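Protein chains: 2
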Amino acid sequence: MFGGMVKTKAANARDKTARDKNAPEQGARDKLVESATDLLRRQGYVATTVDQICAQAGVTKGAFFHYFESKEALAHACLERWGRQGEAMDAAAPYRAIEEPVERALACIEFYAAFFSNPRLVKSCLAGTTVQEVAETNPALRDAAQACFVDAEKRFKSLLDEAFKSRRRRRADTASLATLWMSTIQGSLLLSKASRDASIIRKNFAHLHAYIKGLLGE
Amino acid sequence: MFGGMVKTKAANARDKTARDKNAPEQGARDKLVESATDLLRRQGYVATTVDQICAQAGVTKGAFFHYFESKEALAHACLERWGRQGEAMDAAAPYRAIEEPVERALACIEFYAAFFSNPRLVKSCLAGTTVQEVAETNPALRDAAQACFVDAEKRFKSLLDEAFKSRRRRRADTASLATLWMSTIQGSLLLSKASRDASIIRKNFAHLHAYIKGLLGE
DNA sequence: CCGAACATACCAACTGGTTGGTATGCTGTC
DNA sequence: GACAGCATACCAACCAGTTGGTATGTTCGG
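Chains as they are written, first to last, in my numbering: chain V, 1 to 218; chain C, 1 to 218.
Please note: incorrect hints may appear among the correct ones.
Pairs involving identical chains hold if they fit within one copy or between any two copies, as the list cannot separate such chains.
[Claimed, not checked] In silico PhoX-like cross-links for lysine-lysine, where the CA-CA straight-line distance does not exceed 20 Å:
1. Lys213 / Lys203
2. Lys165 / Lys213
3. Lys154 / Lys71
4. Lys203 / Lys154
In short, the hints are calculated from the structure, not lab data.
Just so you know, these numbers come straight off a predicted model, no measurement behind them.
Whenever a hint applies, use it, and build me the whole structure from the sequences.
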């Protein structure tokens, strides 16, 4: 059987994608990270139990602790993936194609406004939800969440830097503006959770857009 | 051992009322609400245990369930008091004495910037921390937190309404600006928790101040 | 080419400690 | 002597993590 196929297990696992093309057929590990991310965003870190995560992922507890040495380790994996996904989404966003720096920066704000307003998506940031709970009790998780914020802010800051550079005379503290942007995201998500009114997000982003547009000079 | 001291702890506790008249000597109920508010702001609703609250308040579990029928009931009491305290603090704030409406509204922003930057105070909003965790799982608590937001926004909105009324020609959606203000508060507190850098709060408020000042015309 | 040793990926049942909540008893006051 | 205001002891449910196992390969010496 399998003729002369000399294959490592890794190669074998990768085969699955070829074997059944229609079924998702994720590995148990990926399923756990995905399910956990969903649950953590909606219920928070403490309220989400390992059993819940396993149930949603369709695996057993044994599998859970085979892949992750603790619930906290899983949360770290989720935050890492969250950060990477955010980076990837940003890099692939259509506004990146715009060449004029001021327009590009403003289009970025609009892009995120549209993204967070998407009615099909859960309106919650994994990093924001997590850090709110564990900031004082779990420094490692707090720092992992903080890293997500810092990375995203860096990306937005460099957009702003380019925009302001193209506008002689106009100057601004772009680092603090990037933090304001992230604050607006987090605050908007929190208030929309509380009111169950997603329109808050768009309105807040509209104000931020107007403010930064004003700073850039019309 | 313990000689002739035959005194229950209850009798001992009761002695205090007679013993020290100057000490605050709060009732057990007030102590519970106060301790719980502190713990809930720092650790969140789920992570804070009834035993922890009792220990910090210096009362027993029996006392806890004598005054509150559940942990959730205590959280409701905390949120109610949080809302009332906020209202009282705002009513007594020095900026209220300013008569010129534009100046008063801008001074309000500065007042809250200073308040949330106070290094001696815990940088966390009870309503914000709570709603983040229970928005999807506990509608009653979510609505109680939402009420805090709505009340505070109403107060700020009427300041803005008066400011814009005094500026003919100038118009704005004051309701959405009030929400932006609350978003800025919540987002700033969250990011300052994550970074342990309280200066974020002041910087964000400075931007908000500049934006609204601009809308009001200089 | 074979088989023993090893590795990976999982699983079901269990454990020790924690949690919100209860049952009941005591004590000073009105 | 009734009742508010507690205290003590206790419990069932739940939770993160452990244990000991199975099924399916993979590796490698002979």
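To see whether the hints hold, each was checked on the structure:
| no. | hint | verdict |
| --- | --- | --- |
| 1 | Lys213 / Lys203 | both (15 Å within a copy, 18 Å between copies) |
| 2 | Lys165 / Lys213 | within (14 Å within a copy, 25 Å between copies) |
| 3 | Lys154 / Lys71 | neither (29 Å within a copy, 41 Å between copies) |
| 4 | Lys203 / Lys154 | between (24 Å within a copy, 17 Å between copies) |
Comparing the model with each earlier hint shows a violation of hint 3 alone; every other hint is respected.
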